[in-house]
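Undergrad: The chain contents come next:
Number of protein chains: 4
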Amino acid sequence: MKQIIIETTVRVRYAETDASGVVYHANYLIWFELGRGEWFWQQQRDYHRDVEMRGLGWPVTELSARYIAPSRYGERVTIRTWLAEIQSRAFKIAYEVVNAESRQLLCTGWTKHYNVDSQTNRAVPMPAELRKFLEGEG
Amino acid sequence: MKQIIIETTVRVRYAETDASGVVYHANYLIWFELGRGEWFWQQQRDYHRDVEMRGLGWPVTELSARYIAPSRYGERVTIRTWLAEIQSRAFKIAYEVVNAESRQLLCTGWTKHYNVDSQTNRAVPMPAELRKFLEGEG
Amino acid sequence: MKQIIIETTVRVRYAETDASGVVYHANYLIWFELGRGEWFWQQQRDYHRDVEMRGLGWPVTELSARYIAPSRYGERVTIRTWLAEIQSRAFKIAYEVVNAESRQLLCTGWTKHYNVDSQTNRAVPMPAELRKFLEGEG
Amino acid sequence: MKQIIIETTVRVRYAETDASGVVYHANYLIWFELGRGEWFWQQQRDYHRDVEMRGLGWPVTELSARYIAPSRYGERVTIRTWLAEIQSRAFKIAYEVVNAESRQLLCTGWTKHYNVDSQTNRAVPMPAELRKFLEGEG
Numbered sequence: 006m007k008q009i010i011i012e013t014t015v016r017v018r019y020a021e022t023d024a025s026g027v028v029y030h031a032n033y034l035i036w037f038e039l040g041r042g043e044w045f046w047q048q049q050r051d052y053h054r055d056v057e058m059r060g061l062g063w064p065v066t067e068l069s070a071r072y073i074a075p076s077r078y079g080e081r082v083t084i085r086t087w088l089a090e091i092q093s094r095a096f097k098i099a100y101e102v103v104n105a106e107s108r109q110l111l112c113t114g115w116t117k118h119y120n121v122d123s124q125t126n127r128a129v130p131m132p133a134e135l136r137k138f139l140e141g142e143g
Numbered sequence: 006m007k008q009i010i011i012e013t014t015v016r017v018r019y020a021e022t023d024a025s026g027v028v029y030h031a032n033y034l035i036w037f038e039l040g041r042g043e044w045f046w047q048q049q050r051d052y053h054r055d056v057e058m059r060g061l062g063w064p065v066t067e068l069s070a071r072y073i074a075p076s077r078y079g080e081r082v083t084i085r086t087w088l089a090e091i092q093s094r095a096f097k098i099a100y101e102v103v104n105a106e107s108r109q110l111l112c113t114g115w116t117k118h119y120n121v122d123s124q125t126n127r128a129v130p131m132p133a134e135l136r137k138f139l140e141g142e143g
Numbered sequence: 006m007k008q009i010i011i012e013t014t015v016r017v018r019y020a021e022t023d024a025s026g027v028v029y030h031a032n033y034l035i036w037f038e039l040g041r042g043e044w045f046w047q048q049q050r051d052y053h054r055d056v057e058m059r060g061l062g063w064p065v066t067e068l069s070a071r072y073i074a075p076s077r078y079g080e081r082v083t084i085r086t087w088l089a090e091i092q093s094r095a096f097k098i099a100y101e102v103v104n105a106e107s108r109q110l111l112c113t114g115w116t117k118h119y120n121v122d123s124q125t126n127r128a129v130p131m132p133a134e135l136r137k138f139l140e141g142e143g
Numbered sequence: 006m007k008q009i010i011i012e013t014t015v016r017v018r019y020a021e022t023d024a025s026g027v028v029y030h031a032n033y034l035i036w037f038e039l040g041r042g043e044w045f046w047q048q049q050r051d052y053h054r055d056v057e058m059r060g061l062g063w064p065v066t067e068l069s070a071r072y073i074a075p076s077r078y079g080e081r082v083t084i085r086t087w088l089a090e091i092q093s094r095a096f097k098i099a100y101e102v103v104n105a106e107s108r109q110l111l112c113t114g115w116t117k118h119y120n121v122d123s124q125t126n127r128a129v130p131m132p133a134e135l136r137k138f139l140e141g142e143g
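One line per chain: the protein sequences are G, H, E and F, in this order.
Mapping of the first sequence onto my numbering: position 57 corresponds to residue 62, and the numbering continues sequentially without gaps.
Mapping of the second sequence onto my numbering: position 105 corresponds to residue 110, and the numbering continues sequentially without gaps.
Mapping of the third sequence onto my numbering: position 111 corresponds to residue 116, and the numbering continues sequentially without gaps.
Mapping of the fourth sequence onto my numbering: position 109 corresponds to residue 114, and the numbering continues sequentially without gaps.
Simulated from the structure, these hints should not be mistaken for laboratory data.
Be aware that a few hints might be false.
Since copy identity is lost for identical chains, a pair holds within one copy or between any two.
Result set (SDA-like, lysine to any residue): computed pairs, CA atoms no more than 20 Å apart in a straight line [stated by the list, open to error]:
#1 Lys117 to Ala74
#2 Lys117 to Glu67
#3 Lys117 to Ser25
#4 Lys117 to Ser69
#5 Lys97 to Gly26
#6 Lys137 to Ile73
#7 Lys137 to Pro75
#8 Lys137 to Arg18
#9 Lys117 to Arg71
#10 Lys97 to Thr113
#11 Lys97 to Gly141
#12 Lys117 to Pro75
#13 Lys117 to Thr14
#14 Lys97 to Gln109
#15 Lys97 to Arg108
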């Protein structure tokens, strides 16, 4: 399994801050999703075409995040994303959010996803082609 | 056309505030949506069952809002919702957001909705039954 | 330490759903925050008055969530909230989100919070009065 | 007054879609905010430094939006932003959101902002330097 780390950089939106003056914690989970999407796109994949159009879905079934330092409106943050683990019906993606300029670590975390049949909503084995891709060989 | 005003009260979430210390302006539009949903439910209607299941949709096609006073975390706000206008393929819902305790006016606005066929995404005449309901007679 | 479980019920907003037709996973974290706020309020406490006004803050420093079943627009969900753990400078709040009607379990999780000085952004020991409250004795 | 149009391009987040399969309408207002921020930054200005640090704020006091066509997860959208009107204590920013590839028009709108003193929350005349900037001469 090759380790491919994809980076995505976005600017903090005013909408993402809260009354404490810094980014609201749940928005880091949305940034994880951005990282996940770009990890896909930058490898010439597309969640809608390659997963949803096949009658599959990769819902988040578990997640974890640790907050190390806050970020503020207008700052640029980089989300670093990689595949951390793969099983026959599930996989785990890991993330690090850093300040794009100083590279200070802001947040780390992971999300676990099951490969589910959209009709039955049950976990099913990953198609071989998608598994190869996830393993960094497709 | 009978004027039925529906009230919904919610508490301001921390997630809804921004770094200026008050509720982020776009979140009032989400409160309008809450008001719209309750306006429906409190009249024994359900958007999913009565509109979406019929192959229709009522997307927002235009909106307007004026902000009069800010609201803060933990305050309770009341959304007052009523039908402002009805045409054969479109209607307008109006809203007032007030502080639930002091009744101070915080925000006013309206949303315009077309009755669209979900397949074609085109505006079509409202089914008679729904129109009656919107006119306060169903 | 008395175990006090506080329940809060809200209706799923259209804004909270995503293109997969169900509630977007990060929104459960916002529901945790609602639960946390109500856990406070229903015990005659107020985060702004009792924490922020004292120059303190309780930022989320770590969180975890497991997703068991999806929820949909218009459904009513109940967030059950309790104090799971307390240390001198930190504490953990636990949550369960269930369907308000069927009581089906949808999501479980916890958030860890440090008691920080808002000026220095450093963890400091909890004031005795707040600690008593957290322990269910104040 | 020189007309300077600033363009910002972002990819649609899954979090921004709703159960109808397309972007939730209120998220266009957040995109307007992005456009407004970039309109500022790309002219070497910074809202926090140039407005908030001076004890001023530019809250949205009124807004309007028209929705022409939907956008979907993963699409890239471009927000075009310009100053539409300026008065002594207020100004209006206008926006167009287009599909970044096809340039199809998705949404148009404007936001009105008052120049307020953060302490008193009252509208005050714009500092000459900021006014010059807004007029495209600073």
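Undergrad: Between copies, within a copy, both or neither: which fits Lys137 and Ile73 at Cα up to 20 Å?
TA: For Lys137 and Ile73, the Cα distance exceeds 20 Å both inside one copy (34 Å) and across copies (27 Å).
Undergrad: Up to 20 Å between alpha-carbons, please classify Lys97 paired with Gln109: within, between, both or neither.
TA: Classified as neither; 24 Å inside a copy, 26 Å across copies.
Undergrad: With identical chains treated as interchangeable, where does the CA-CA distance between Lys117 and Ala74 reach 20 Å or less: within a copy, between copies, both, or neither?
TA: between (24 Å within a copy, 15 Å between copies)
Undergrad: Between copies, within a copy, both or neither: which fits Lys97 and Gly141 at Cα up to 20 Å?
TA: within (14 Å within a copy, 38 Å between copies)
Undergrad: Have a look at Lys117 and Thr14 and pick one of within, between, both or neither, based on CA distance no larger than 20 Å.
TA: Neither way: Lys117 and Thr14 sit 22 Å apart in one copy and 27 Å across, limit 20 Å.
Undergrad: Treating 20 Å as the Cα threshold, decide for Lys137 and Arg18: within, between, both or neither.
TA: neither (36 Å within a copy, 26 Å between copies)
Undergrad: Please sort Lys97 with Gly26 into within, between, both or neither, judging by C-alpha distance up to 20 Å.
TA: This pair counts as neither: shortest intra-copy Cα distance 32 Å, inter-copy 23 Å.
Undergrad: With 20 Å as the alpha-carbon cut-off, assign the pair Lys117 and Arg71 to within, between, both or neither.
TA: Both: 15 Å inside a chain and 9 Å across chains, each within 20 Å.
Undergrad: Using 20 Å as the alpha-carbon threshold, which applies to Lys97 and Arg108: within, between, both, or neither?
TA: neither (24 Å within a copy, 29 Å between copies)
Undergrad: Checking Lys117 and Ser69: alpha-carbon separation at most 20 Å within a copy, between copies, both or neither?
TA: both (9 Å within a copy, 11 Å between copies)
Undergrad: How do Lys97 and Thr113 come out at 20 Å by Cα distance, when the copy is not named: within, between, both, or neither?
TA: For Lys97 and Thr113, the Cα distance is within 20 Å both inside one copy (13 Å) and across copies (19 Å).
Undergrad: Classify it for me, Lys137 with Pro75: is the Cα-Cα distance of at most 20 Å met within a copy, between copies, both or neither?
TA: neither (37 Å within a copy, 29 Å between copies)
Comparing the model with each earlier hint shows violations of hints 5, 6, 7, 8, 13, 14 and 15; every other hint is respected.
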